[in-house]
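Peer 1: Letter by letter, the chains look like this.
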Amino acid sequence: MREINVDTITDEVARLCIEACYYLGDDVLAALKKARANEPSPVGQAVLDQILQNAEIASRGELPLCQDTGLTVVFLELGQEVHIVGGSLYEAIQAGVRKGYKEGYLRKSVVEKPFSARINTGDNTPAVIHTEIVPGDRLKITVAPKGGGSENMSYLRMFSPAAGRQGIIDWVVECVDKSGANPCPPIIVGVGIGGTIERTTLIAKKALLRPVGQPHPDPEVAEMEAEILERVNKLGIGPQGLGGRTTALAVHVETFPCHIASMPAAVNIQCHSARHKEVVI
Amino acid sequence: MAAIKITTPLTDEVIEQLHAGDNVLITGTIYVGRDAAHKRLVAALDAGEELPFDPRGQIIYYMGPSPARPGRPIGSAGPTTSYRMDPYAPRLLEVGLKGMIGKGNRSQPVREAMQKYKAVYFAAIGGAAALIANSIKEAEVIAYPDLGAEALRRLRVEDFPAVVVNDIYGNDAYEMGKAQYREVDG
Chain A
1 MREINVDTIT DEVARLCIEA CYYLGDDVLA ALKKARANEP SPVGQAVLDQ ILQNAEIASR
61 GELPLCQDTG LTVVFLELGQ EVHIVGGSLY EAIQAGVRKG YKEGYLRKSV VEKPFSARIN
121 TGDNTPAVIH TEIVPGDRLK ITVAPKGGGS ENMSYLRMFS PAAGRQGIID WVVECVDKSG
181 ANPCPPIIVG VGIGGTIERT TLIAKKALLR PVGQPHPDPE VAEMEAEILE RVNKLGIGPQ
241 GLGGRTTALA VHVETFPCHI ASMPAAVNIQ CHSARHKEVV I
Chain B
1 MAAIKITTPL TDEVIEQLHA GDNVLITGTI YVGRDAAHKR LVAALDAGEE LPFDPRGQII
61 YYMGPSPARP GRPIGSAGPT TSYRMDPYAP RLLEVGLKGM IGKGNRSQPV REAMQKYKAV
121 YFAAIGGAAA LIANSIKEAE VIAYPDLGAE ALRRLRVEDF PAVVVNDIYG NDAYEMGKAQ
181 YREVDG
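Line order of the protein sequences matches chains A and B.
Sequential numbering of the first sequence, starting at 1, is according to the numbering used here.
Sequential numbering of the second sequence, starting at 1, is according to the numbering used here.
Chain A extracted, bound-state conformation (with noise of 0.2 Å):
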């Protein structure tokens, strides 16, 4: 068994959260100035320059990306052989984003009692975790502050197996549609097809993780993403809603098996300040 002190856990997360909230990842930016290059809308382009003019600055360390720093999730996939010790894995995760948000001057934008008082926490815990274990001595975490204009345009059907990939592809389209400028677009859009109601979902969040444009390697869903990145892109919506070609700059499916009389979909929408940040221990 290999042995990972919680210390060094709270640590890493802090640092994932800041960095996550002030450094724009190399693929989402590659993205961005294609997106550029390749937008006819002045007013679209404007927007995109802004966003990149925005990252810069963000860059320099004194102000994050957005003020909106989200929810943090975070995804573990924990190796099998490793053993964690001085305390509690959860708490060493939460305790990491307590520091990372108040040394990072992150915003804190977690409530209790949400249907009713509505109360901040104070300091943006707790993150949702996800957990998995895999073969191996290491443990990689992944932090992935979501933000919530983007997140509360989500969306879950419970299909019929006869609507086929057309009715999911229509379906995805018809989705990005009604959000139109609210989840922030150029956005990338997550997709999940299979599995349960949770699953679905779950899938449809890591599907943001991919690297942006990057297909998926198996052909058939890879042409399924460019082809609903085709249509979406003809929505004319445009960066920040303002009228434009680029909607999306990029769509992610993940599938998983499913029961015979089941096809859950799910759409989660990232917005153009991708932001994620992973360490393996």
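Keep in mind the hints are simulated off the structure, nothing from the lab.
Where is the CB? At the ideal position from N, CA and C, for every residue including glycine.
It cannot be assumed that every hint is accurate.
Across the chosen pairs, the derived CB separations fall in these ranges [unchecked claim]: (1) Pro42(A) - Arg56(B): 31 to 37 Å; (2) Asp159(B) - Pro40(A): 25 to 31 Å; (3) Glu198(A) - Pro145(B): 36 to 42 Å; (4) Val95(B) - Ile133(A): 55 to 61 Å; (5) Gly61(A) - Ala3(B): 27 to 33 Å; (6) Ala47(B) - Val279(A): 49 to 55 Å.
Assemble chain B onto chain A, guided by the hints.
Peer 2: Using the frame of chain A, we list chain B on its own:
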């Protein structure tokens, strides 16, 4: 397109000159409130109480900033999505509010209230929060400090960049922009 420079408080004469799609640079005092602050503002109106600020001619910016670092007036400060304030906005327009800044579509009742009371809705660029912060020169919490990031604030802004989305003539910049580039039916 050259930006139109406007200063607060907004007069009807200024409002009448603004059209959907215009770029504006706003200078002067603006107020900041989002979900929780709006709930309290409207509750105060319902109870017949005075608001923490005189809304007449003023602009409310839907925003909850990240914390200010020492030496800065404010942290990152981009707009939040506006539709969540739709249930409250007509009441504030009724008592003289002249402008709102946010992002995303407004409901039909809000659009009608804007025409009725002569007010405009501006969009700021969502996610350009660090860039926008540079146009904010002063910030102070004026009410509801217990709400943290959602407290009611007063800002002094210089050349704050925004786009007119809904003007008093019933136009909508989102609809106009989308129609121009849409390649699908419906």
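Peer 1: Look at each hint and say if it fits the structure.
Peer 2: Now the hints, each set against the structure:
1. A hinted range of 31 to 37 Å for the beta carbons of Pro42(A) and Arg56(B) is consistent with their spacing of about 36 Å.
2. A C-beta distance of roughly 28 Å is found between Asp159(B) and Pro40(A), which places it inside the suggested range of 25 to 31 Å.
3. Separation of Glu198(A) from Pro145(B) is about 38 Å and conforms to the stated range, judged on CB atoms against 36 to 42 Å.
4. The hinted range of 55 to 61 Å is satisfied by Val95(B) and Ile133(A), whose Cβ atoms lie roughly 58 Å apart.
5. Taking the beta carbon of each, Gly61(A) and Ala3(B) are about 29 Å apart, inside 27 to 33 Å as hinted.
6. The beta-carbon spacing between Ala47(B) and Val279(A), approximately 51 Å, falls within the hinted interval of 49 to 55 Å.
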